[in-house]
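Colleague: Using the sequences and the hints, build the whole thing.
Chains as they are written, first to last, in our numbering: chain A, 121 to 383; chain B, 508 to 731.
A couple of the hints might just be wrong.
In silico DSS-like pairs for lysine-lysine, Cα to Cα no more than 30 Å straight-line [claimed, not checked]: (1) B:Lys556 x A:Lys230; (2) A:Lys133 x B:Lys556; (3) A:Lys253 x A:Lys184.
Hints are computed from structural coordinates only; laboratory data are not their basis.
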Amino acid sequence: MLSIQNIRKSFGKLDVLRDVSLEVNQSDVVAILGPSGSGKTTLLRCLNFLETADDGFMEFDGEKYHFGQVSRKEIAHIRRKTAFVFQNYNLFLNKTALQNVTEGLIIARKTPRAQAEKIGLEVLEKVGMLDRKDHYPNQLSGGQQQRVAIARALATDPEIIFFDEPTSALDPELTGEVLSVMRDLAREGRTMLVVTHEMSFARNVSTRVVFMEDGVVVEEAPTAEFFAHPRAERTRGFLRKIDGDMSAQGEHVSINNKKENVQ
Amino acid sequence: MTERVWNIVVDSFPKILLPGLTMTIPLTVISFAIAMVIAVAVAMVQFAKVPVLRQICRFYIWVIRGTPLLVQLYVIFYGLPKLGVILDPFPSAIIVFSINEGAYCAETMRAALESVPAGQMEAGYCVGMNYLQIMRRIVLPQAFRTAFPPLSNSLISMVKDTSLAANITVMEMFMATQRIVARTYEPLVLYMEVGLIYLLFCTVLTWVQRAGEKRLNASGYRKE
Ligand SMILES: Nc1ncnc2c1ncn2[C@@H]1O[C@H](COP(=O)(O)OP(=O)(O)OP(=O)(O)O)[C@@H](O)[C@H]1O
Ligand SMILES: [Mg+2]
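Modeller: Structural data, given as structure tokens:
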């Protein structure tokens, strides 16, 4: 459904993405793991053209695009079929929860207001935010804002949703509510590409895991296999380090709790 | 205060207030409205980094902010007739005040636009909106909210600056006062009187600003 071939991106002299290829099938939940600075955010941003990749191909929904030469029209077309959930939510600050959700329908897709609001209320209900529909972002907690952001992504019924560390700006006690919404989406068969540091989410919800480092994909495997038999030495190092960090910080308990939240 | 002076003060009050209502206020309101249109356009050109136009806008702001308002009034009203362009005092004043105020407000608006987080624009693109839709629906409303207090400030300044139009024979409050002073030789009380009327106008505007801010805040959206 989405296939990326040999994508490259550099900022000046810094090669951030060096020949990354990636395959996402219908109903896949692909978790992208990797240390800080490995290019995960940049990859997602290139896929939605918030950043312009230097080279590579993208096949999406039956059409093929060359990153270097995508027209504005094609970008608009692709964006209409995708959605993006940001690390820091980026809800429209001057709009209520409901308006945030309906904006892309009413303004960008010319959906009649009544129909847009009906959809808006449905998706807000799905993320458990119906009772806050008239609240502005600054009147919502981080977890609530992120759930509204997910509702906004769902409203346009995209083929695929990109998530860039959706819970890492949240206080630990708020990550559960967001992850549980995402788990529901996975169950419904939503196609998702999720950059995350939440090992519990990767382990329990994702169908496949991609491990990135220094702008390349080091390892890619079905989830169970990835965690049970990591092939690359660097992957093993990364997983050891994560486990080590967790126990060093005495966070093993909270991770296990989260796991339960997510399951 | 002698009875003669008191009578002058009382007699002159409507004679000063009337041009205030028929000249000072229209001059301020019309000029400020045009200035806002200029300001938004100039700020957006710079925000969107439109080539060439952007340099023209920088030049405009540079010239206008770097020369005195009084000089600008003189150039338009006393200077342009040399080129055969003869304008009445009131339209001359409107032109100068709009262009002058537009330059200052453009900078206010530009700063306000730049203070809107980049993520707002990106989120707009991601839900499928185009540049102009995002500007109109998301970025400009937020920028206006930020710019509201400094713009109100500019408006209040402008009420007082319109007194400079007396220099190009616009019959506004200050010129009306000068005329009465010439007849009565009571500069102290009369200039204080016109000063009080300016103060009154500005006080009303301050109330309006406060009510406006209250309303903007009541709508739920506050800047973090
Ligand atoms: N706009 C930019 N200009 C210059 N360098 C950038 C820009 N955006 C990202 N980079 C650099 O690209 C590299 C990869 O950044 P990226 O944000 O994609 O990493 P990441 O894997 O998402 O990291 P994290 O886990 O910390 O979010 C970093 O070295 C970063 O400094
Ligand atoms: Mg990142």
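Colleague: The structure should be examined with respect to each hint, and the outcome stated for every one.
Modeller: How the hints compare with the structure:
1. With a C-alpha separation of about 29 Å, the suggested pairing of Lys556 of chain B with Lys230 of chain A holds against the 30 Å cut-off.
2. This hinted pair checks out: Lys133 of chain A and Lys556 of chain B have alpha carbons roughly 25 Å apart, not beyond 30 Å.
3. Taken as a hint, the Lys253 of chain A and Lys184 of chain A pair is broken in the structure, with Cα atoms around 39 Å apart against an allowance of 30 Å.
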